[in-house]
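Every position in the sequence shown, counted from 1, becomes a number in my numbering once 1433 is added.
Since the hints were derived computationally from the structure, they do not count as laboratory data.
Don't be surprised by glycine CBs; every beta carbon is placed ideally from N, CA and C.
Check before you lean on any hint, since a few could be wrong.
[Stated by the list, open to error] So the derived label-pair ranges between C-beta atoms look like this:
#1 1699 x 1552: 36 to 42 Å
#2 1442 x 1689: 50 to 56 Å
#3 1550 x 1582: 29 to 35 Å
#4 1655 x 1472: 34 to 40 Å
#5 1508 x 1610: 19 to 25 Å
#6 1451 x 1711: 35 to 41 Å
#7 1442 x 1693: 46 to 52 Å
#8 1702 x 1622: 32 to 38 Å
#9 1476 x 1630: 48 to 54 Å
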Amino acid sequence: MDPRDELRDAIAGAGNSEGAQRVEFARRAARAAGELALSGALRESDVDDRALRHIRVDLPTLDLSDLSEGARALRALAPGFRRTAPLVEHLRGLLARRTEVEKIRRGASALLGHTFPWSAEQERHVRAFDDAAEEVLYRLVSVNDVRAALLEDIAPPFRGTLFWLSRGVELPSDTVDRMADVAALVALFAPARAAFDDLLRARDGRAQGSTRRIARGVNLEGILTERGSLVLNEETFEIRATAPDLLVVRVRGALRDTERPRLRTASAELPMEPVAGTRTQFELTVEPRVRLTSSLSVVIPFAYGDRVVDLLRE
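The whole structure should be built from the sequences, with the hints applied where relevant.
Following this line, the structure appears as structure tokens:
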């Protein structure tokens, strides 16, 4: 069924149902709205106020525990895997399910007019899947045909946010199979190691240790008071500061053992704390005196070297 027709039918069904059936209609409405939103086809006329109450009340009751099960299945792939038809279909199902959950969230947000928050329990399952996906995503390059197919109905501006499908999807599917050969090459020949390091830095788009400046002559307190948040999202990290005082960093790559991101001021470095239940997310409550400084950077200790991201610069 066309997503627009599905949205209308689901909204009507939610208004005439109760209990589990109403929850299912609310899920279908949000999913259809999400499909339209991610394809760039959602119109203001598609939003029906009748769905809002059911979205707010019913969607937080959806069971997303299968995402945690999917996380365990993904982590089992960390040592590597041989591509077989049953395994490919299993991975297709896992990735499609995560994509469906994102469509539901995006659709609910579009219908409500603001970001829809999962419940704490739902967020725990979503985070479990995303953390596992981050850890083994390079392995999934081997099924890039599956990932590319799942991206086909997503408009290009939105594809990057679905990292479990989009990151590295442009690479040949046999790229991972060649890693051992490349490692042997750079281990044997010093010039090859140097050339490889140059390629890695060029691919990252900047020299190791380079910085990105996003604000000058202001302080974090002023930015958060005015905007409510500050977000920087790149291929290897996401940095998010939200009012009144929380700084969160999500990394997409291996860190040096025992090290974690740090917030650097003009006079000190403040270590961030890992978020419970995740290996890729860190947070810090920023003290008032730090929020008022006009020089702030985040230092991310990647295995290949520190990445320094200037948030504020005098």
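Hints, one by one, checked against the model:
no. : hint                    : in the structure
1   : 1699 x 1552: 36 to 42 Å : holds (40 Å)
2   : 1442 x 1689: 50 to 56 Å : holds (53 Å)
3   : 1550 x 1582: 29 to 35 Å : holds (30 Å)
4   : 1655 x 1472: 34 to 40 Å : holds (37 Å)
5   : 1508 x 1610: 19 to 25 Å : holds (21 Å)
6   : 1451 x 1711: 35 to 41 Å : holds (37 Å)
7   : 1442 x 1693: 46 to 52 Å : holds (49 Å)
8   : 1702 x 1622: 32 to 38 Å : holds (37 Å)
9   : 1476 x 1630: 48 to 54 Å : holds (49 Å)
Of the numbered hints stated above, none is contradicted by the structure.
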